[in-house]
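Protein chains in written order, with this note's numbering: chain A, 1 to 88; chain B, 1 to 189.
In short, the hints are calculated from the structure, not lab data.
Since we're looking at a predicted model, the values are computed, not measured.
There's no promise every hint is true.
[Unchecked claim] A short, non-exhaustive set of chain A residues, derived as facing chain B with CB atoms under 10 Å: (1) LYS17; (2) LEU21; (3) PRO23; (4) ALA27; (5) VAL77; (6) ILE78; (7) GLU79.
[What the hints assert, rightly or not] With a straight-line cut-off of 30 Å between C-alpha atoms, the simulated BS3-like cross-links for lysine-lysine are: (8) LYS5(B) / LYS35(B); (9) LYS17(A) / LYS66(B); (10) LYS35(B) / LYS6(A); (11) LYS29(A) / LYS82(A); (12) LYS82(A) / LYS172(B); (13) LYS66(B) / LYS44(A); (14) LYS79(B) / LYS17(A); (15) LYS172(B) / LYS79(B); (16) LYS17(A) / LYS40(B); (17) LYS47(A) / LYS35(B); (18) LYS146(B) / LYS66(B).
No residue lacks a Cβ here, since even glycine has one placed at the ideal position from N, Cα and C.
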Amino acid sequence: MTLNEKVFKFKVEVILKKGVLDPQGEAIKQSININNLGNILDVKQGKLFELTASSKNREQAIKEVERICADLLTNSVIEEFKYYEVSE
Amino acid sequence: MIWHKETTLPKVDLVVLPGGFSYGDYLRCGAIAAKSPIMKAVKSFYEIGGFIIGICNGFQILTETKILPGALIPNTNQKFICKDQDLIVANNKTFFTSNFEHNRTISIPIAHHDGQYFLNGPQIEELEQNEGIVLKYRDNPNGSIKDIAGVCSKNKRVIGMMPHPERAIDKKLGSVSGLSMFESVISNF
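With the hints as constraints, model all of the structure from the sequences given.
Shown next as structure tokens:
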């Protein structure tokens with residue numbers, strides 16, 4: 001990190017695309033129903049990432065986060081992502 | 001054997017990406033290995049028409065690098081499956097399956113947790129049109145779409161498969177179908 005860089009924090013949510021089987025979500029749903037915890041029709045399990053970026057500005061940080069999401073954190077065949085900036 | 005941190009391939013006739021839970025399947029199976037320095041060289045090798053086989057985790061790495069279409073996701077039963085598996089040779093016009101008759105049933109072991117092959121509808125049609133489905137499961141064990149156990153690239157020079165042919169090379173191991181695959185490779189050079 002250099003003097004003219006600032007820290008930006010992001011959260012990235014990754015979830016399976018519609019039509020991709022999610023056996024983990026299905027198992028969790030069954031457990032909810034068996035234990036009478038609620039009337040849940042569907043469960044999808046995803047991933048949450050917290051990224052702390054060091055960039056000269058917000059625009060640059062967002063560009064990098066988008067590239068990381070598309071190139072590494074998700075596989076576009078099966079997953080989709082959304083990201084948002086967080087203060088802490 | 002070439003270390004993953006290498007950036008170039010020596011002169012080779014065939015690249016084999018073996019199985020083995022690289023990086024503990026963190027993030028997604030094969031995802032981090034797909035970003036290894038050596039994979040840029042493997043991709044270049046593919047682009048100049050090199051022959052490549054990816055087995056199990058090697059198949060997962062080839063899909064993550066987009067050398068092969070699709071993705072491998074967890075088995076529908078959420079279990080690690082390790083057993084002999086009957087397969088159907090759906091395409092015998094590849095350098096790896098040319099020793100088999102079309103539609104012949106062969107037995108090769110599987111050993112995976114993330115073996116469910118997935119592609120969306122239009123991409124599946126494209127794969128079928130390109131004769132990209134090489135091996136299919138008989139009694140689909142993992143939920144793979146269209147019972148797919150192995151696929152090949154458009155140029156038919158790259159093959160990825162979840163079953164382990166290297167574990168079926170001696171009668172004492174129960175099957176020699178895997179040996180036949182490696183013999184196919186040799187007879188095609």
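Worksheet item: If you check each hint against the structure, which ones fail?
Response: 12
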